[in-house]
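Residue numbers (my numbering), protein chains in the order written: chain Y, 1 to 111; chain C, 112 to 999.
Heads up, some of the hints might be wrong.
Stated by the list, open to error - Calculated cross-link-like contacts (lysine-lysine; reagent style DSS-like; alpha-carbon spacing at most 30 Å): (1) C/Lys-186 / Y/Lys-76; (2) Y/Lys-76 / C/Lys-435; (3) C/Lys-178 / Y/Lys-18; (4) Y/Lys-55 / C/Lys-186; (5) Y/Lys-76 / Y/Lys-18; (6) Y/Lys-35 / C/Lys-435; (7) C/Lys-435 / Y/Lys-90; (8) C/Lys-186 / Y/Lys-90; (9) C/Lys-418 / Y/Lys-86; (10) Y/Lys-86 / C/Lys-435; (11) Y/Lys-18 / C/Lys-418; (12) Y/Lys-55 / C/Lys-178; (13) Y/Lys-18 / Y/Lys-109; (14) Y/Lys-35 / Y/Lys-76; (15) C/Lys-435 / C/Lys-418.
Because the hints were derived from the structure by calculation, they are not lab data.
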Amino acid sequence: MSRPSDLVQGTLDLLILKVLALEPLNGYSVSQRLKQVSGDVLHVSDGSLYPALHKLEQEGWIAAEWRASENNRRAKYYALTRLGRKQLEKEASNWRRLSAAISHVVRLKEA
Amino acid sequence: MRPEHWIYTLPLRIRSLFHRQQVDQDLEEEIRDHLERKTADYIARGLSPEEARYAARREFGGIEQAKENCRDMRKVNWLYDLAQDAAYTLRQLRKSPGFAALVILTLAFGIGANTAIFNVVNGVLLRPLPYHNPSRLVGVFTVDPSRPAQRGPFSPQDLDDFRRQQQAFASVGAYWYASASSGKTLTGAGEPQHLETAFVDSSFFGTLGVAPALGRAFIAPEDIHGNDQVALLSDHLWRRQFNADPRIVGKSVSLDGAPTVVLGVMPPSFVFPSPQVDVWLPLAQITDNEIPHIRSLRWIGVVARLKPAVSVQEAASAATLIMKRLAEQYPQSNESSGAAAVVDLRGTIVGEVKPILLALFAAVALVLFMACVNLANLLLARGTARGREFAIRSALGAGRARLRRQALTETVVLALLGGLASFLVARWMCSALLALSGSSIPRPDEIRMGTRVVLFGVALSFAAGVLIGLIPAMIASAGRVWESLKATAVSASADAGHRRGRDALIVSEVALACVLLAASSLVLESLWKLVNVSPGFNPRHVLSVELPLPLYKFPEPSTPKMDAYRNELLRRVAAVPGVLAVGGSKTLPLYGGGEPYDFKVVDSRGQTQTVMPTAGAFIVTQGYFEALSIPVLAGRVFTATDLAQDRLVAVVNRGLAETYWPGEYAIGRVLDFGKIKLEVIGVVGDVHNEGLNVGSGTALYIPASMAPRSKLDLFVRTSGSPLSVAGAVRQTIRNFAPDQAISNIEPLERQVQQTLAQPRFFTIVLSAFGAVALLLAALGVFGVISYNVRQRTHEIGIRMALGASRAAVLAMVVRHAARLLAFGAAFGLIGGLFSGRLLHGFLYGVSAADPAALLASFVVLGLVALAAAMIPAARAACIHPMVALRDE
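Chain Y extracted, bound-state conformation (with noise of 0.2 Å):
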């Protein structure tokens, strides 16, 4: 499994975000479909999918619901509330100013 970059981490909650913005899912769901929609590039260690999880669940940013599994199981799912759509917004244009700001510099031409 490779382990995401440190700009990657900080960043965690933003694709959380917006995984959950496109439908409500559950952890495991969640991963995998960051796994998916990345081309298999970001990949989130369990063990900091969860605490990052209940995180932005503690702040209000996503709710969650039981909802009945197979095997007769409860099953954890988040969903974007109105309050993480703002947050998401935000946290997104905030990246978008960051990476063309790296990009940026990145683009200098070398003496």
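Once you have looked at the hints, place chain C on chain Y.
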């Protein structure tokens, strides 16, 4: 945004707090669900169920760690941690009950004392008066522009003019009350009873905004003499005398022999102008015969309600303008009342006692601070002993903040427990304070422990806990943690900052103790001087009998009958066995009350001067000077014949004689009152008529036959104890005049003591605080030096092994203590001078920087603190080097 946030998160928080187990279970389920799905995935990829489960687990990584991280994300953790810390603290305290008891008791007393004083301050100074919109109520006074500090009442004519001309007040009310001399006798209902009476006009109750609980108040027609035989009863009189019978309203009672209709009963909370007032009568009842209604005689008190937009200052300037105009219009009578003062009403009632209460409040706060410092030191010592514990916690992952919080929680819990106990202490102290103060604290009925006082106590406990905890907490978490884990003790340079901190604390304690002790010695010396002031008469072996004379029995100008009544009374009391002399006066000595008569004299240089004796004129009978043992310096004093024959004679005091006829005979001089002229027949010694702390000034004595008054205070000099003849005197009076009420009968000495009640109260309480401060400082010094010695045991062992003598070790410790004391004393000196300046107003005969008092307090503190340091020093000197070296 915020409220929405809470809608989402509040249920979550509540759940995390109260359904912790359920929440943890949910977490378990969530992780298990994840693992199952992953396992299913692996099975789909072809692994066996065993291998799939294993792979899923391995890929997850540290499951427990992840779960812990999830738990850490919960926002209510701090609350949960707090509860955990508190529970832990309580468990620890149970293990060291002695320590806990010491801290809790100390705090209980410290916080309790503060709460008690705050309770008094709250009731007396902070609670608004129980009238409608009390912040708009003021008292209005006339002021002599040359003596702006003294406030006086109005004369009837001035008041009328004032009422007509004033614009600043929505309403103005007038009253007159002179305790014990404005009294009436209630007859026809058992024993004749003396009633304290206040006289008010019809706008008085309206101005204050108070309505009677039963019946109605006075109306304008009752302001006219003739319609004024009505009365309003006080609640306590109504209950005591009339059994709280509502049918008393409308009935007639006999006051001073005149039938008076009871119009109503006032509510129990109404105690203006004094809680002693039994009944309110119309001001119109005070006719010209009782008190001459002339512009120059001022006796009417004024309360007023400010108009809505008017401030006190505006009203004061407006009032002063009016009085100035009157002074210009009537220069002879109004020269000494050309200005006015407007003071908020609560201020007039509590103004005198306010600085005392505030001084005590400051003193008790200082004492609590000192107690907190001592406890902080105690905790520091204990905390360092627990250094290992904190080190282990830190190693297990507790952050600095968490450690700090835990240490703080301990002290706050202790403080809150102390706070709980403090309420008992506060209640007890409050009653003790009130008992000690006698009647020198106004508004005592307002002193109740209400919500504000309880909140104060709780807040103070919390603050004390934080204060005590902050210092050791900061040190405990300061990263010295690893040091304590070392096997060998380090120590010569161990926690130098630590030691400096504690030294600084002790220096501040010593300084504070100095301040309090200096203040205490100043007031003690002042009280001592006051108590030793010779009043000018001899109050021992004198019985004071206060009689409201039934003037109403003697139709107006029939003074011979009045004289005969009085003389017979005196004669009969003089005949009681054990009585050496009897005399009477309208007033009690030391309580003031001199009549403001003025007259003209021709002084020793031949110039005519107008004299207004500073102490006033006193109306006395024959035998007065003998009964009080006032020395006769020249000539003679009044005899029965003087009074019987209505002789126009007067006696002056030495002060007056020396002022106008220095070095010459005062006998034979003439005092010109205009209508009559009096001849001086004697000069008597100075008496502190206005109080022990006021000079005796100039005073005049005139015979009672000349100015009959409705009150007579008999002074009965006895050969034995005054109370031994009290019964016989009472009986004699009753035999002579069955409906002569006796309003008070007690030894004069007790009444003299009463004048010192306020300074005595203040001095005792402040000195008590000073003594406690001394004890705390001594304990503090003892604690710090002991601790230092213990810390340096190793070092001392080395020194002794290297040849240092016991004496040298002793000197080393004592030097350290002396250094602390010196610094503390230096700061204390500055603080002491400062506090002396603040106490300036309370001191009698003692300057604010009195060297004797300051020196005494330093010496006492120095001796006590050194003694406290000696014990550990001696212990240090007795350390056996081998033991010390072995001890790590």
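Outcome of the hint check:
{"no.": "1", "hint": "C/Lys-186 / Y/Lys-76", "in the structure": "20 Å, holds"}
{"no.": "2", "hint": "Y/Lys-76 / C/Lys-435", "in the structure": "88 Å, violated"}
{"no.": "3", "hint": "C/Lys-178 / Y/Lys-18", "in the structure": "24 Å, holds"}
{"no.": "4", "hint": "Y/Lys-55 / C/Lys-186", "in the structure": "9 Å, holds"}
{"no.": "5", "hint": "Y/Lys-76 / Y/Lys-18", "in the structure": "18 Å, holds"}
{"no.": "6", "hint": "Y/Lys-35 / C/Lys-435", "in the structure": "95 Å, violated"}
{"no.": "7", "hint": "C/Lys-435 / Y/Lys-90", "in the structure": "74 Å, violated"}
{"no.": "8", "hint": "C/Lys-186 / Y/Lys-90", "in the structure": "22 Å, holds"}
{"no.": "9", "hint": "C/Lys-418 / Y/Lys-86", "in the structure": "56 Å, violated"}
{"no.": "10", "hint": "Y/Lys-86 / C/Lys-435", "in the structure": "73 Å, violated"}
{"no.": "11", "hint": "Y/Lys-18 / C/Lys-418", "in the structure": "67 Å, violated"}
{"no.": "12", "hint": "Y/Lys-55 / C/Lys-178", "in the structure": "12 Å, holds"}
{"no.": "13", "hint": "Y/Lys-18 / Y/Lys-109", "in the structure": "34 Å, violated"}
{"no.": "14", "hint": "Y/Lys-35 / Y/Lys-76", "in the structure": "20 Å, holds"}
{"no.": "15", "hint": "C/Lys-435 / C/Lys-418", "in the structure": "22 Å, holds"}
Taken one by one, the earlier hints fail for this structure at numbers 2, 6, 7, 9, 10, 11 and 13, listed in ascending order.
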